[in-house]
Each structure stands twice: as structure tokens, then as C-alpha cells.
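S.K.: Line order of the protein sequences matches chains E and B. In this text, residue positions in the first sequence follow my numbering: the first is 1, and each later residue adds one. In this text, residue positions in the second sequence follow my numbering: the first is 1, and each later residue adds one.
No lab work stands behind these hints, which were simulated from the structure alone. Each hint should be verified, as a subset may be incorrect.
Distance ranges between label pairs, derived from CB positions [as the list claims (entries may be wrong)]:
#, chain 1, residue 1, chain 2, residue 2, range
1, B, Phe290, E, Leu182, 43 to 49 Å
2, B, Phe290, E, Asn284, 49 to 55 Å
3, E, Asn284, B, Tyr194, 53 to 59 Å
4, B, Ser220, E, Ala171, 32 to 38 Å
5, E, Leu133, B, Val391, 57 to 63 Å
6, B, Arg408, E, Asn185, 24 to 30 Å
7, B, His325, E, Asn185, 53 to 59 Å
8, E, Leu58, B, Ala215, 19 to 25 Å
Computed, partial: chain E to chain B, Cβ under 8 Å [to be verified]:
#, residue
9, Val86
10, Leu96
11, Leu104
12, Val186
13, Met188
14, Met191
15, Leu192
16, Val223
17, Leu250
18, Val251
19, Trp283
20, Leu287
21, Pro292
22, Leu297
23, Leu303
24, Phe305
Partial selection, computed: residues in chain E whose CB lies under 7 Å from chain B [what the hints assert, rightly or not]:
#, residue
25, Tyr103
26, Asp264
27, Ala268
28, Ile269
Backbone N, C-alpha and C fix where the C-beta goes; we use that ideal spot for every residue, glycine too.
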Amino acid sequence: MSELIVFSTLNGLQYGLLLFLLASGLTLIFSMMGVLNFAHASLYMLGAYLGYQISSWLGFWIGLLVAPLLVGALGALIERFGLRHVHRHGHVAELLFTFGLAYLIEEVVVMVWGRIPVSYQVPEILDFPAFTLWATSYPAYRVFMLLVSMAIFLGLLLVLTRSRVGLIVQASLTQPKMVSMLGHNVPMVFMLVFGVGSALAGLAGAIAGPALVTQPNMAVNLVPLLFVVVVLGGLGSLTGALLASLLIGLVQTFAIAGDFSLADMARAIGLSMNVPQVLSELWNVTLAQLAPVLPYLLLVLMLIFRPTGLMGSRES
Amino acid sequence: MSATISTQGSLPAPLRTGAIWLVGLLALLLLPVVFPKTSVISTVCLMAIAIVFSLSYNMLLGQTGLLSFGHAVYFGLGGFFAAQVLTKVAGENLPVPLLLIPLVGGATGLFFGAILGAISTKRGGTVFAMITLGVAELVAAMAALMTGFFGGEQGVSVDRTKAMALFGLRFGSHAQVYYLILVWCLVCGLCMYYLTRTPFGRLCNAVRDNPMRVAFVGYSPQRIRFLAFTFSGGFAGIAGALSVINFEMAAGTMLDAHQSASVLLMTFIGGVGHFAGPILGAILVTWLQFSLSDLTPAWQLYLGLLFILVVMYLPGGIAQLLEMHLGVVRAGLVARLAVPYLKAVGPFVLISGSCCLAIELAYRLTVEKAKGTVLTIGPVSLNAASGWSWVVLAVLLAAGVAGWRYMRSDFLLAVDDVMNESRKRLMQ
């Protein structure tokens with residue numbers, strides 16, 4: 001039992017931090033520019049594929065370094081030549097633009113790398129069990145993922161709250177005119193923020209690619225989950241995004257281990273109920289089967305009881 | 001120009017539009033007679049279903065300003081409930097004709113629209129969009145778990161001919177189903193059109209344009225959003241039921257994200273600002289799905305590109321483009337557009353042609369390896385494996401871009417000029 005708890009916690013933390021790595025870029029862009037980047041998960045996928053491609057030529061570490069930079073540059077280009085152009089039509093148009101972009105990126109990835117998963121491998125240097133507790137061993141690569149995600153979170157928090165750059169970035173959000181009066185190039189700041197956010201997504205992809213599977217539908221499955229993280233955490237709140245990511249990571253990992261259903265639970269406390277035919281399937285679904293649904297259930301509950309999210313203050 | 005204006009005056013406007021509608025209706029009624037047993041009828045059926053679906057979507061996006069990524073939920077649920085009811089009706093010989101089955105879909109859509117709408121319309125704007133996506137995921141995943149009702153991987157098959165016969169009609173032939181779908185499409189279209197003309201429809205527009213002012217006047221924007229959401233769910237449910245009647249099957253794909261995405265694409269490409277927009281979009285995209293998917297494996301890429309181009313350069317969609325040009329035609333100024341348009345044809349063909357060829361060639365190198373690397377179109381053949389084809393394409397593209405940049409400002413000025421002039425003339 002304690003083995004299960006330790007490993008579920010570790011896996012949950014690692015998954016949650018990976019989600020946060022993605023959500024941080026998304027939140028950064030969203031809170032800065034009001035743009036909900038639907039293509040964020042697609043940039044993550046692109047990071048994984050570019051990481052795979054470059055690592056197959058030049059080795060894993062160069063891939064890990066270069067892929068996020070390329071994705072970041074692409075993000076900056078997207079902002080400069082796409083989003084900025086659409087901006088005058090309002091936020092819905094921006095969202096639609098990134099939606100179309102997500103559609104395109106998926107098609108392009110299929111066009112270049114095909115529909116079957118590519119074999120993006122864990123580098124040999126990290127391909128060993130980091131430690132063994134009881135009978136299960138924990139791979140070193142997962143520890144590495146955990147550390148990188150934590151480092152990025154701390155770095156981002158420090159830069160945003162403690163440095164001059166963070167000051168300008170935050171000021172550009174609330175007082176763009178004043179900031180540009182002071183001699184800062186606000187459009188450039190936006191472009192850079194979008195680039196950095198995209199680079200974070202690319203980094204997440206390049207790191208997660210070997211551990212998860214690098215395939216063309218890895219983005220589609222992630223977009224709704226990311227949106228849940230952002231809404232759960234509260235719009236534009238970095239800390240909220242962290243909390244929500246960890247929450248979802250832990251809840252999902254623990255749920256996967258839960259091999260019992262509502263019916264079992266009722267039986268355990270001595271209840272025997274006759275459930276109508278239609279609902280009997282739900283009654284007998286195990287928690288593990290429900291795991292993929294739980295984030296969305298959380299979302300619905302959150303919306304009913306606290307529509308602003310965990311750390312959110314803004315209404316809309 | 002005076003000639004066009006004088007022919008306009010020959011019939012009073014209401015009669016003229018009435019005549020157009022009558023001719024259109026007659027054409028639709030005669031379609032199965034003219035094209036018996038062809039794929040034309042089944043394509044038109046799909047178009048009609050898509051029209052109901054995208055009109056219902058436009059009630060949210062175009063009229064109330066709500067961008068939903070989960071409209072397939074109501075389409076799919078409507079379909080599944082209709083399928084289950086149809087099975088029950090057929091199994092127990094209940095006196096329910098097939099013609100009324102879409103009502104089941106509509107009621108389902110209304111019901112779930114009200115429940116899920118109460119949750120999702122708590123917030124507007126971007127947050128609403130995110131929430132609809134989450135709710136859609138939730139419903140799709142739940143449906144996958146409840147295999148008894150939703151039929152799991154295979155879905156639920158039905159036999160439409162087993163429902164009660166109405167006036168001897170068993171709906172065995174595709175032409176009969178065509179008429180059923182056509183009737184429902186027309187009824188739903190008219191209902192949705194007249195809904196836009198009611199005070200409620202106007203309030204929806206007001207919520208889209210300025211929710212704060214609506215609240216100030218004394219209406220709750222949230223309640224109006226909720227009502228629009230519910231109605232829209234109801235019509236989507238009808239579309240879902242029609243789709244089940246058409247395919248005799250309700251599948252899990254009806255609920256998934258691709259379905260939501262495709263209705264968004266249809267509505268937006270057609271144009272959200274205009275009632276006819278979603279209709280045009282549904283017709284065009286359904287047709288593209290058929291004709292392009294036969295021609296090229298990259299058709300989804302082209303569809304995505306079309307969507308992005310519309311978002312960037314034509315926010316009113318095809319309907320806006322048509323409206324602008326109809327105005328020019330009515331003002332009798334088409335001739336003045338001819339020269340700038342003819343000049344633009346060159347760069348347009350160069351840019352789009354070279355891009356399409358590049359995409360097709362790239363597919364030959366990757367997904368479509370089996371077909372070989374040589375792409376032959378008419379007398380020209382390009383080899384994807386040789387660098388020269390790529391150089392040629394790059395040169396063509398560069399020439400196109402250079403040509404466009406050279407004439408861009410003149411072109412835009414000339415077109416703008418004509419549009420302004422025609423607007424002025426029509427105002428008189």
C-alpha cells in the first residue's frame with residue numbers, strides 16, 4: 001500500500017509538473033495578451049517531433065536545447081505575422097486563428113513524420129533505474145523530467161516577480177501605453193512573451209517525447225486538459241496553474257490505481273441498492289476507468305461552486 | 001448600369017424574393033426525379049443536415065457571440081437518443097412515424113443544452129470556449145464508458161424502415177429519406193430565421209455586442225446566453241437525429257471533437273455575420289469534403305488553410321464576399337472590377353498553385369510514398385525526389401509574391417473605390 005502511495009505520488013508530481021510546464025506558457029501568454037492559444041499543445045507536439053529529429057542527427061542533448069529554441073522562434077513568427085494581424089478583430093478571432101493553426105500543425109506533422117509514432121528514445125546516459133523501493137524501480141529519466149520542470153517553474157517565478165524584465169512584462173499587461181512612453185517596445189515585448197511561452201511548450205515536448213509517445217494525436221488529447229488546468233487554477237494565475245496541474249496530476253495517477261467502483265463502495269459500507277438499468281453501467285465503472293474523465297468532472301464542480309477558479313480573481 | 005436598376009424595378013421586391021424561393025424549392029423537390037439513384041441525393045442530404053447543424057451553431061457564435069468547441073455534444077446526444085427511441089419504436093411496433101423521430105433528437109438537445117448550458121454559460125468570452133471544450137470531453141468520455149446505451153465502438157445501428165409507415169411510406173428508398181430531411185431542414189431553417197427576428201433574437205445580438213448595456217437595460221445577459229445555448233442545442237439535436245435517420249446508425253464519432261471542429265469550420269468559412277453564411281459554409285465544406293478527399297490526401301490541410309485565410313482576411317466569411325459583390329452588381333459597377341481582378345489572377349495562381357504543388361510533392365515524399373515520387377498533372381510532371389522541382393516551385397512562388405507585392409496597393413485601392421462607389425449609389 002505504501003509502495004503504491006509513494007509511486008503514485010511521484011508519478012502524479014511528475015505528470016503534474018509536466019502539465020504545469022505547458023500551462024505556464026499558456027498562462028503567461030493568456031495573462032499578458034488575452035490570447036488563449038489553442039495551438040499551444042500543437043507547439044508542444046512540434047517540440048517533441050523536432051527534438052526527435054534533431055536528436056537523431058546530433059544527439060539527445062542538442063535536440064533538447066535546439067528544439068525549444070526553434071519552437072520559440074516559430075511562436076514569435078506566429079505572433080508577428082499572424083496574431084498581431086488578427087488582433088483588431090478581437091479575442092474570438094485570435095482564438096479562432098490559433099484553432100486553425102492547431103489544425104494545420106497537426107496536418108503538417110502528419111505530412112512530415114507520418115501517422116505512426118516515431119521512436120524518440122531516452123538517452124543512454126539517463127536510461128537506468130534511479131532507485132528501487134520495495135520491488136518497483138523508478139526510471140532516472142522521470143527524475144530528470146521532474147527536476148527540469150521544477151527548475152523551470154522556479155526560474156519563471158523568479159524572472160516574473162523579482163527581475164526588471166518581469167516588471168516590464170507585467171506593466172505591459174496593465175499599462176501598455178505608459179510602458180511604451182517609457183521607451184519600451186511593447187509589441188516587441190508581446191512577441192517575445194509569445195516566443196518564450198511557445199519555447200516552454202517546445203521544451204515540454206522535447207522532454208516528454210521520450211517518456212510518453214511521440215505521435216500526431218498527442219496534441220489533440222492535451223488541449224482540453226490544459227484548458228481545464230487554466231480554468232481550475234484561475235485565469236492568468238501562475239500559482240493557480242501550478243496548483244491545478246499538481247492536483248490533476250495526482251488525482252489522475254491515484255485514480256488509475258483505484259480498482260473499485262461506486263457499487264463496490266456501497267457494498268463496503270453495507271448498502272445494497274437497486275440502480276436503474278441505464279445507470280448501472282456508471283454504477284459499476286471503476287475509478288481507474290474514470291481517471292481520464294476526472295479533470296473534466298473537477299472542472300464542472302469548480303464552475304458550479306467557485307467559477308473564478310482556485311486562485312483566480314478576475315471574472316472574465 | 002441604368003439597365004440593371006430598371007430591371008430591378010420591374011417586380012416588387014417581396015414578389016421577387018418569393019419567386020427566387022419558389023424556384024429554389026421547386027429545384028430541390030425535383031432533384032430526386034432529375035438525378036435518381038445517384039450520389040447527388042445523398043450529398044444533398046448531408047448538406048441539409050450540415051445546414052441545420054451549422055445554423056444552430058451560428059445561433060451561438062454569430063448571434064450571441066459565444067464560441068463553442070463542444071457543439072457536437074448536442075448533435076451526438078440527439079442522435080443517440082433518437083436511435084434508441086427508433087429501436088424501441090421499431091421493436092414494439094409503437095405508433096410513432098419516422099417523420100417525428102427528429103423531435104426526439106430536438107428534445108434531447110434542449111434537455112442537455114439546458115443542463116450543460118447552465119454550467120457553461122456562467123462565464124462568457126474565452127472562458128466559455130474553454131469550458132465547452134472540457135464539457136465536450138466529459139460527455140464523449142462518459143459515452144465511451146456507457147457501452148450499453150451508446151453501443152461502444154460500433155455505435156448503435158437502427159433500421160428506419162421498421163418504424164410505423166406513414167401514408168404507406170416506409171422510407172426504404174433514399175429519395176423518400178431525402179424528402180424527410182428536406183422538410184425538416186426547411187422547417188428548422190425557417191424557425192431559426194424567425195427566431196432571429198423576435199425580440200429574443202435581437203437581445204442575443206445585443207448580448208454579443210455589448211453585454212454590459214444589456215444588463216443595464218434590465219435583462220440578464222447570462223440568462224439570454226443560457227436560452228440561446230439551449231435552443232441551439234435543441235436544433236443541433238434535430239440535426240443529429242436526421243443524421244441517424246440518414247446513415248441508419250449513431251456512432252461515437254458524432255460526439256467527438258472533430259465533429260465540433262467541422263461545424264465551427266463550416267459556420268465560420270460561410271460567414272457568421274449573415275444568416276445565409278452558415279448555409280453557404282455547410283454546402284461548400286460538405287462539397288469540399290467529398291470532392292477534395294477524392295482528389296488529394298491533403299484535403300484537411302487545405303481546409304485548415306482556407307479557414308485561417310478566412311479568419312485573417314475575411315472575418316465575414318464567404319457571405320460577406322458575396323454580399324459585397326452583389327452590391328457591386330446591383331450598382332452596375334462590375335466592369336470596373338474586371339481590370340484589377342484580371343491583374344490579380346496571375347499572382348494568385350502563381351502563389352496558390354506553387355503552394356499546392358509543394359504540399360502535394362511533400363506528401364509524395366512522406367505519407368504517400370507508395371504512389372512514387374513523380375507527380376504528373378497534364379503535360380507537366382514533377383519529381384519530388386529531385387531538388388530541381390523544389391527550385392522551380394520556389395521560383396514560381398517568389399514570382400507570385402513579388403507580383404502581388406508590386407500590385408497590392410493599387411489593387412486594394414481600386415477594389416475599395418468600387419465598393420465605396422457602389423455603396424453610395426445604392427444609398428441613393
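S.K.: Indicate, hint by hint, whether the structure satisfies it.
M.R.: Consistency of the hints with the structure:
no., hint, verdict
1, Phe290(B) x Leu182(E): 43 to 49 Å, "violated (57 Å)"
2, Phe290(B) x Asn284(E): 49 to 55 Å, "violated (42 Å)"
3, Asn284(E) x Tyr194(B): 53 to 59 Å, "violated (47 Å)"
4, Ser220(B) x Ala171(E): 32 to 38 Å, "holds (36 Å)"
5, Leu133(E) x Val391(B): 57 to 63 Å, "holds (59 Å)"
6, Arg408(B) x Asn185(E): 24 to 30 Å, "holds (26 Å)"
7, His325(B) x Asn185(E): 53 to 59 Å, "violated (41 Å)"
8, Leu58(E) x Ala215(B): 19 to 25 Å, "violated (58 Å)"
9, Val86, "holds (6 Å)"
10, Leu96, "holds (5 Å)"
11, Leu104, "holds (4 Å)"
12, Val186, "violated (21 Å)"
13, Met188, "violated (22 Å)"
14, Met191, "violated (17 Å)"
15, Leu192, "violated (22 Å)"
16, Val223, "holds (7 Å)"
17, Leu250, "violated (19 Å)"
18, Val251, "violated (14 Å)"
19, Trp283, "violated (11 Å)"
20, Leu287, "violated (12 Å)"
21, Pro292, "holds (6 Å)"
22, Leu297, "holds (7 Å)"
23, Leu303, "holds (5 Å)"
24, Phe305, "violated (11 Å)"
25, Tyr103, "holds (4 Å)"
26, Asp264, "violated (16 Å)"
27, Ala268, "violated (22 Å)"
28, Ile269, "violated (23 Å)"
Violated hints for the displayed structure, listed by number in ascending order: 1, 2, 3, 7, 8, 12, 13, 14, 15, 17, 18, 19, 20, 24, 26, 27 and 28.
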